[in-house]
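Here the protein sequences come in this chain order: G and E.
For the first sequence, full-length UniProt numbering assigns the number 1 to the initial residue and increments by one for each residue that follows.
For the second sequence, full-length UniProt numbering assigns the number 1 to the initial residue and increments by one for each residue that follows.
Please keep in mind that the hints were generated in silico from the structure rather than gathered at the bench.
Everything numeric in this text was worked out from a predicted model, so none of it was measured.
Note that beta-carbon positions come from the ideal geometry of N, C-alpha and C, so glycine has one too.
Careful, some of the hints might be misleading.
As the list claims (entries may be wrong) - A few chain G residues facing chain E, derived, Cβ under 10 Å:
#, residue
1, Asp-100
2, Phe-102
3, Arg-107
4, Ala-168
5, Lys-292
Protein chains: 2
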Amino acid sequence: MTRHLHLNAFLMSTGHHEASWRLPESNPVANTDVAHYQNLARIAERGKFDSIFFADSPVLFGDVGRRPAGSLEPTVLLTAIAAATSKIGLIATASTTYNDPFNLARRFASVDHVSGGRAGWNVVTTAGPDAALNFNLADQPAHAERYDRAAEFLEVAFKLWDSWEDDATLADKEAGVWGDNAKVHPIDHVGRHFQVRGPLNLPRSPQGYPLIVQAGSSEDGKGLAARYSEAVFTAQQTLEDAQAFYKDLKARTAALGRDPNGVKILPGIVPVIGGTVEEALRLERELDELIKPEYARDQLARTLRLKPEDLPLDQQLPADLPDEDEIEGAKSRYTLIVTLARREKLTVRELIGRLGGGRGHRTFSGTPEQVADAIQEWFDADAADGFNIMPAVLPSGLEVFTDQVVPILQRRGLFRTEYTGSTLRDHYGLARPVRSGGSLEAPESLQAATA
Amino acid sequence: MTRHLHLNAFLMSTGHHEASWRLPESNPVANTDVAHYQNLARIAERGKFDSIFFADSPVLFGDVGRRPAGSLEPTVLLTAIAAATSKIGLIATASTTYNDPFNLARRFASVDHVSGGRAGWNVVTTAGPDAALNFNLADQPAHAERYDRAAEFLEVAFKLWDSWEDDATLADKEAGVWGDNAKVHPIDHVGRHFQVRGPLNLPRSPQGYPLIVQAGSSEDGKGLAARYSEAVFTAQQTLEDAQAFYKDLKARTAALGRDPNGVKILPGIVPVIGGTVEEALRLERELDELIKPEYARDQLARTLRLKPEDLPLDQQLPADLPDEDEIEGAKSRYTLIVTLARREKLTVRELIGRLGGGRGHRTFSGTPEQVADAIQEWFDADAADGFNIMPAVLPSGLEVFTDQVVPILQRRGLFRTEYTGSTLRDHYGLARPVRSGGSLEAPESLQAATA
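Please work from the sequences and hints to get the whole structure.
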């Protein structure tokens, strides 16, 4: 069987480049404009993308002067998009630290019903102390505690999604019996973090469960991904790093008794596409020149637990930075930034330019052919099952990718020319979870024995 | 100025009659069918209804054999409906007992953005012990405690919705300044139930706040309604009771320094409409004959804190029932049922028939002209500012009301023939809240002095 790659469109207001909103073409209030996002989703669906995706955090970060700030809650936004599309998958980020499992499980099941089986959930534990202050806490729970809660949260969600058997609805008008009580089960979950009786107040959804996505790359994050996730978004700067991550995560998945093909690994890539290399580089340079470095330096300083004045723009990072172990949130992001700066001996100004383009994700400027080559290289070299496409500018960057890169990938036989199924799981080639009977273990679909 | 009545369509799967799903015309899985609800909303919008509304509770109640069980989460469902309509208001029920204010405030603001200013929130405290068991609790918080939390929850939500000034977004591409930090404010709320720093991670929405709706009629419920709500849904069986409730709530509202016209009172009515009285009564009888009394008796017994065997079908209710004061949830519903049974000396079987049609709301069978008369009578007699229309069967009952009753109300000059505004607040004739500056008091719009 030919291996096909998977493409997810990671959407964010005017694009992933932090200065994209300043371009003449950009709608600077796109972040609250549902029509903007419906248009983007239709473009991605035209390009036969597996899915679109929104990041999220229940907190307003940093300086609102910098770029479009604030965003529509993703399950709401994706529902509005569902009504404007018919095939493309819809992946929303939601936090296990700042939600209740009953409400969130029901909301994802609702999105799955409303979209005809296109819901996905990017499971995050929400790093950083700021979000905690919006939820009655003085500081974030410790990293390990957040991941422990996340695992139990997922177990509860799986049980709730399984609490109605698929054939629990009888709809027997003649007999006057709508549902079969014997096929709707309390879950009676009692754990360290949650006590939830259930059942869910919603029949089982088209996909059974939404697609489970994970994006943390810390040790705890990889552990959670190996145990539960079906797709992984990751930031990798070099082929070697990407291969190492890919091999590691597939091995961890297999070690837990799961089929490693049941986890699709999608590194991020920020393509800046031009008709010629020069045109692509000119667009990249134009964008970088629109960055105001003081905004980015403030944020970099927060990430590194320094003051902005500790980071002169034309010097490299200070030599004595804390280890990842000492960081209580966004561990993998911290390490990625420090490693990138050290490896390439970047000044703070250069580092800011690199992060401004894709926030630590791989940026790639070139022609459509070169972008397709870059994608194929990693795909063929066991560094990726697909890519998280992060256009620097939206909608134009997504349009160019869809109209000029996708056809190349299709001609090479690497990417679908039509959707062959109707659910998000169909697109990723993943089975609909079989009801696990409410056991404490992960459901069977996540436990497929390696042959 | 002519007084116009307001119409809200209270939607529920195949209709408010519990046996409606058994009719040949009904889609018995309408409860999870987004296309069914989009169709209903389009019908109501054709009828120029102010709004549609969904009840909700985060728990699966009772016997799934009885009628369509489980429902789509209302903010998700209404977002899907927003995409299929353009004018009609969208009111979702959400619990202050089983949500966090930050997440819920943001979700309603998101629905308001996505719908172009059509969001409403029916604020409930969620009665009954069962929901508590889905949220880490052994029993529900006491009635007064739930209402205390509800009031603080609303204060936090108002502050979050006000945390961005309307002109906080500058979008100054030239200067590279997207937002004005001086116009985005932390709320720094510290209260008995919540500590929330804010600001919200979303610019202020088209309506400022969603329309605030309340439906509890207990003393605490009326207090909350008088203090905060802008529309009240209520169950009233007789003109006298409705007038008393109307007068009481308007007086309470005025006593708090608010304009009593700022609270629209909408009793529920379950119209069963026929071309002739006989046809209407025949439809009502056909529906009642499809009720299986054992389901309804089980629920009645739970509501009355009795065993089903304490309620022989052909006898009246037992003489010794607890007082409302002893009931810790759904107080007003308890009293309504007991009062109805005693006043009309109903047997259990007859009571079940009455409740099966509209769950305690006023049922009315007749011709379109008679239904219009019934509506006008209460409206003219200061018993209602409008009505919560609860069709016994959906979609047919809503279609008949829209096509045959609405035109009569329009001809009489009682109801709009076109929408004159674009937001839900416009339809109800309510002002957009002015930003209160994050004070601990209710915002100015809810404090309008009586002239």
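Tested hints:
no. : hint    : result
1   : Asp-100 : 6 Å, holds
2   : Phe-102 : 4 Å, holds
3   : Arg-107 : 5 Å, holds
4   : Ala-168 : 7 Å, holds
5   : Lys-292 : 5 Å, holds
Of the numbered hints given earlier, the model fails none.
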